Amino acid sequence: MTNIEELVKQQAELHGTTRESLMPILQAVIRSERFLSEDAMVAIARELDISTADVFGTASFYTFMDTTPKGKNIIRVCKTITCHMKGKDAVIGALEDLLKIKLGQNTSDGKFSLLQANCLGWCHKGPVMLINDEVHPEVTPESAVEVIQGYLKQK
Amino acid sequence: MENKIKKVDLIFEQVDYLEILDRSFKRTQDEIILDIIDSGLRGRGGAGFPTGLKWKFAKNEEADQKYVICNADEGEPGTFKDREILTQVPEKVLGGMALCGKSTGATRGYIYLRGEYNFLLPQLNAAIDKFHEDLKNMNFDFTIEIKSGSGAYVCGEETALMESMEGKRGEPRNKPPFPTTSGYLGKPTSINNVETLVFALMIAKEGPTKFKEMGTFDSRGSKVFSVSGDTPKAGIYELELGMSLEDFVNEFGDGDTKAVQIGGASGFCVARKHFKETVIGFEGIPTGGSMMLFNSTRSMFNILNDYLEFFEEESCGQCTPCRVGCQQLLKGIEAVKKGIRPPSYLDELQKLSDTMRLASKCGLGQSAPNPFNSIINNFREEIIY
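Those protein sequence lines, which keep their order, are chains A and B. Residues in the first sequence are numbered from 1 upward in steps of one, following the working numbering. Residues in the second sequence are numbered from 1001 upward in steps of one, following the working numbering.
Among the clues, some could well be false.
What the hints assert, rightly or not - What the simulated footprint calls covered on chain B by chain A, stretch by stretch (three residues with Cβ under 8 Å from a Cβ of chain A suffice, anywhere in the stretch; the number is not a length):
#, region
1, 1228-1238
2, 1266-1272
3, 1298-1310
As the list claims (entries may be wrong) - Take a look, some chain B residues computed to stay more than 10 Å from chain A by CB distance:
#, residue
4, K1004
5, L1018
6, E1019
Honestly, the hints are just simulated from the structure, not real lab data. Note that the structure is a prediction, hence the values are computed from the model and not measured. We treat Cβ as the ideally placed atom computed from N, Cα and C, and that holds for glycine.
All chains, full assembly: derive it from the sequences and hints.
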């Protein structure tokens, strides 16, 4: 069994194999792999005894369920109105310069993906960015760069 | 000058929620529900359905299993109060859910938490564990579980949320049947906003009178507002309902407020000349709490463009008026701005938005025309030039 099949099996044992377990299983794979590979979706379909198209159809509906490879850390900068007003473009520009990628791309070492997201619910403390599940409100271009440098030092 | 903004402290007040529940569990279902109906509490997520009636409908259904859902899929741009409530007083939310469970006969509750708030999971799960212990000691059968979202605004729509909980694409269902008849897994379900559940608990504590005496005839009680944009006082405030927008702007504006978006991206934009006659509440412009202030340095074209981009991305794509309508509104204003289309094209787009309002399946497509029409009507020149 491959790692991904093992992970799916383990999650199916934890959450069950009814249709309601699909979201928690998809979310667990995302937490571990950051994206849903074809292999992962086939394995999930087999465990839950539904079609792979159903799994893909569900996953592709949700913004946080990427079906293309993503970096180990996903940076999401909020782009909605107040964060836009408070300078999210400058934050994204600084991160693009630091990571040497454009919005929507992954770094070549596979450590980071840089994305935009719709309202993250921190409108009074914009601009805000999420790194995986961790939230960083009121960032400036400088503080955003510092946060990412912290991640770079970690590993 | 008299301060017409009345601050209230019901939501974030620390209370002995177990004592409230203990008292409520000794009452009948009808007694609790009648108090909620009498208080005039209406749903705080934005739609404003009378909470007591919702609970009554769910209670009147016969079923082997009923559910309570706490809608914590707070995705409306400009709204962040539910996150704050779940951070500061999670036990009051859980208490409100148990109260709803008791009143409607449900023994299982779910919190649908948006994926953007995953960082709340450890503390919420700890609160739920403690809550289960407390309920066990009180001999009351009710369990709560968290279901996570994964970044889809439309899942805040109650039936889309249930589809998502069932492991499907978050596409809204046809109504009727309403969730109180056929909700999660086809069972009677009462789904309430985070804030509504806390108010219900507070009404059970204080009785309906205190709540009813606040606000206006149509908008009883108080409401938690999320204030953002061009304001020196961005943040969360619980205020008595029924104030005029002028009073609100005097309190929160930066002295140069040109427009306020009430109710988030799906709400209405009010220009300065209408501040005086605009009432914040169900008789005027209702809001799920989002108040975004814009000063005269802001381009209303950019603001409308942001809103429409938001809807174009978040439309679930299930029904044509919304899927195509959101795209065309966005493309349309860009074309007018660039001079590819004449200014009169905005009138065509307004007709399209009327169609969306009438023909869309759920609140998303029905309300995407709100910011469009209110900004075009108030700031037409900024969209054209």
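Test coverage of the region 1228-1238 of chain B by chain A using CB-CB distances below 8 Å; three residues minimum.
holds (count 6)
How does the coverage statement for the region 1266-1272 of chain B fare against chain A, requiring three or more residues with Cβ below 8 Å from a Cβ of that chain?
Violated: only 0 residues of the region 1266-1272 of chain B have a Cβ under 8 Å from chain A.
Could you check that no beta carbon of chain A comes within 10 Å of the beta carbon of E1019 (chain B)?
Since the minimum Cβ distance to chain A is about 32 Å, E1019 (chain B) lies beyond 10 Å and the statement holds.
Claimed clearance of chain A by K1004 (chain B), with the beta carbon kept past 10 Å
The assertion about K1004 (chain B) holds, with a minimum of 23 Å to chain A.
Confirm or reject: L1018 (chain B) is not an interface residue toward chain A, with every Cβ-Cβ distance exceeding 10 Å.
holds (29 Å)
Three residues minimum, CB to CB under 8 Å: does the region 1298-1310 of chain B make the cut for coverage by chain A? Let me know.
holds (count 6)
Taken one by one, the earlier hints fail for this structure only at number 2.
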